[in-house]
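Undergrad: The primary structure of each chain is shown beneath.
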Amino acid sequence: MRAGGRIALYGATLAAAFGVAFYAAGAFVPDGFVSRWEDSGSVPIQGEHPDQR
Amino acid sequence: MTTEQGKVRTAMNASAQSVNDSGVELAISGMTCASCANRIERKLNKLEGVEATVNYATEKAKVSVPVGYDPALLIAEVESAGYTAIVPAPEPRRDTSEGGHVADDPELVSLRGRLIGSIVLTVPVIAMAMVPVLQFTYWQWASLALAGPVIVWGAWPFHKAAWTNLRHGAATMDTLISMGTSVALLWSLYALFFGTAGMPGMTHPFALTIGPSDGAGNIYLEVGAGVTTFILAGRYFEKRAKRQAGAALRALLELGAKSVSVLRDGVEIKLPTEELQAGDEFVVRPGEKIATDGVVVSGKSAVDSSMLTGESVPVEVVEGDAVTGATSNVSGRLVVRATRVGADTQLAQMAKLVEDAQTGKAEVQRLADRISGVFVPVVIGIAVAALGAWLGAGFPVAAAFTAAVAVLVIACPCALGLATPTALLVGTGRGAQMGVLIKGPEVLESTRRIDTVVLDKTGTVTSGRMTLVDSVLEPGVEREQLLRLAGSLEAASEHPIAQAIAKGAADEIGTLLTPDEFENVEGNGVQGTVAGMAVIVGRESLLASWSQQLSPEVARAKSRAESEGKTVVAVGWNGRARGILIVADTVKPTSAEAIQLLKQSGLTPMLLTGDNEAVARRIAREVGIDDVIAEVLPKDKRDVVARLQREGRVVAMVGDGVNDAPALAQADLGLAMGTGTDVAIEASDITLVRGDLRSVADAIRLSRRTLSTIKTNLFWAFAYNVAAIPVAALGMLNPMLAGAAMAFSSVFVVANSLRLRAFKSVSER
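So the protein lines, in turn, are chains Z and X. Residue numbers for the first sequence follow the numbering used here, beginning at 1 and rising by one. Residue numbers for the second sequence follow the numbering used here, beginning at 1 and rising by one.
It cannot be assumed that every hint is accurate.
[As the list claims (entries may be wrong)] Derived CB-CB ranges, DEER-like: (1) D39/Z / P132/X: 47 to 57 Å; (2) Y23/Z / A758/X: 32 to 42 Å; (3) Y23/Z / L47/X: 45 to 55 Å; (4) A15/Z / Q433/X: 48 to 58 Å; (5) Y190/X / Y10/Z: 42 to 52 Å.
[To be verified] Below, a sample of chain Z positions facing chain X; criterion: calculated Cβ distance under 7 Å: (6) V29; (7) P30; (8) V34.
[To be verified] If you want a taste of the chain Z side facing chain X, the calculated C-beta under 8 Å gives, among others: (9) A17; (10) F18; (11) F22; (12) Y23; (13) A24; (14) A25; (15) G26; (16) D31; (17) G32.
None of these hints come from the bench; they were simulated from the model. Even glycine gets a Cβ: it sits at the ideal position worked out from N, Cα and C.
With the sequences and hints as input, model every part of the structure.
TA: Below, the structure is given as structure tokens:
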């Protein structure tokens, strides 16, 4: 197979992998888990200099 | 025609002689990892009648082509894959003081420039990202100004290689690095210009694990710059290690004399050694190196060949003796006639053995190459899937992006590509220094399974030279007198047995007498007059022809010695037999220790000889060998090795003679004594430059250690990549730390390989 064909096939495989992972994670990861994860981290405060805190 | 093609043509014209029916050697440029070597190899092997192996470490391709094949076709094929190739011109002889400097290698110089520039620019970027107190009002824009050149210019070799790969629908570790750093830069540009990250006073604390964040408020410039710098550092040290590892070969080639005093019509003319022709006679003064292999025409001297053989005692040479190029003349003036010049000399052949070993490839490396070839696309797939999963689960885009970038960066198979070549280079280089020349890397695989070592007797376990070992005297005869008269007469003969007796006598009693008369009785011995006495030394039959009979007691001693394979010479003077002298091939002083070492390594030594059982048993007992295969005809030695193999043994054969060559080739591992014949050396896998049997143990130990280093390297490269990928995909790694850890794995592999330089031979311990 020529390079172009290989790249196209590989691109399609990547897209499929992305799609499968996307929908599988959406289906199996509970919403609460993501919320808890977001709440647990320290978020950099945008536009705020340390001296301004 | 492009400049590059012009260079190719010039190099080809300059070295058309390097193309022959045995193959072509190409110097390849532009390879950045084992995957590149893998790809070029596949491309070349697709050509009809072509068989190629490409080594990433030595940056050389060994190509077997049909006779008359145009190397330009090979070069075009390599160039179509995105790399450059030339048929290397013969290397000019370089001065030792200049050889091997970093300044010689433009690629290394360029790499060093990029590395230094990247370090200078990256340190403040990482410092600002890691230490929040340093994050002044516009620190993020300063980071962009510093990190931009690093990711674009510093990582340029990775981007270039990634583009080359992409054109061929292939992906390598350069694709990973290029993608990882480019994605980091592009995301940061987006965040700075279109997100909130560019706002004055933004802070960005350093974190080991990722937390929830606003993607457009984060920049990843320290990731891109850090990864680039760490990978550049790893690659720089790997390049330097490759050069250091090749130093043994360069040192070997630089052993030779640079100029020579050739005799032309009785006048000495100073010429470069390259202009010396076979048959030329040249003068070697004390302290000078012998320019090439030859035969002494006149003069007498001691020659120090320690740099070639490791033997520290200089060897006396006289007219007619062979001398080896690159050895040093210690005492007298010699006139030598050149017999072999250029690539035919012993030194050049040794260098070729090392070169062949370093250009070849081991099966373990092929495995690593194959894995690299499929690893990269799979990793990109995992990164994409991780991105999809994070997004699908509802995590912020920035967190998903960070996890995907971490996967791309952590999975770089840099250390994987280095695992085998560096260990091979250092291992074979160290072997060359110890006088163990490993002919091909596949030899390393063989040594792992060896369980039996078959040793040829003469010249291998024994010295192969006759030595006076004993005397038996008739009643009333003094040993000193017997030695003086027999030794004095034998000194006039050139026969090896006569020389052994003369040397033994001279060693014991000092100066010998000069015979007044001397006659060589062909095939029987010698007779003449010494100190006024009519002396006969030779076969018992020679003495009997003069009615001189040995007493029954001495005759019994003679029979006993002969049954043990020793040679007996009868001595008589003034009409009576006076005694016998016994000469024999003696066991080398280090043979017993060598056998002990082989046993300690779990190997079973066996003695193989054409001598009778009794002789073989005596020698075997002396050195500690239990298994003896005696009375084997020279042509049957190979069958013996084959039989042992059929019995399930994995056999190493050690020999030195022409008659050992078939057995050496048949054995799973052939080891030739460097003191032996060229045929044996050609047929073997490993050449032991010194005639010391302990080198066998050294060779097997070094080969096993090198193989073990390769496996350790491969394990760490694999374990690291495989174990870290899920961790990165789960968002547990900061991409910058991932890059640092990965570069560390590369340095670990190189450093682990360099440990082989500390390998000590038995004689050094």
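Undergrad: Using Cβ atoms only, decide whether P30/Z comes closer than 7 Å to chain X, and label the hint accordingly.
TA: violated (9 Å)
Undergrad: Using Cβ atoms only, decide whether A17/Z comes closer than 8 Å to chain X, and label the hint accordingly.
TA: Hint holds; A17/Z Cβ to chain X Cβ min 4 Å, cut 8 Å.
Undergrad: Given a cut of 8 Å on the nearest C-beta pair, is the interface hint for G32/Z held or broken against chain X?
TA: violated (11 Å)
Undergrad: Hey, does the V34/Z contact hint survive, CB to chain X under 7 Å?
TA: Since chain X brings a Cβ to about 5 Å from V34/Z, closer than 7 Å, the hint holds.
Undergrad: For the restraint on V29/Z, tell me whether the closest CB of chain X is nearer than 7 Å.
TA: This interface hint holds because 4 Å falls under the 7 Å limit.
Undergrad: Taking the closest Cβ pair, is A25/Z under 8 Å from chain X?
TA: Since chain X brings a Cβ to about 4 Å from A25/Z, closer than 8 Å, the hint holds.
Undergrad: Taking 32 to 42 Å as the stated bounds, is the beta-carbon spacing between Y23/Z and A758/X within them?
TA: violated (55 Å)
Undergrad: Is the hinted range of 45 to 55 Å satisfied by the C-beta distance from Y23/Z to L47/X?
TA: holds (46 Å)
Undergrad: Quick check on the hint: G26/Z CB to chain X CB, less than 8 Å?
TA: Status holds, d = 4 Å.
Undergrad: Against chain X, is Y23/Z within 8 Å by beta-carbon distance?
TA: holds (6 Å)
Undergrad: Using the C-beta atoms of Y190/X and Y10/Z, is the stated range 42 to 52 Å upheld?
TA: Check failed, 26 Å falls outside 42 to 52 Å.
Undergrad: Is the shortest C-beta separation between F18/Z and chain X less than 8 Å?
TA: With a minimum Cβ separation of about 4 Å from chain X (threshold 8 Å), the hint on F18/Z holds.
The structure shown violates the earlier hints numbered 1, 2, 5, 7 and 17.
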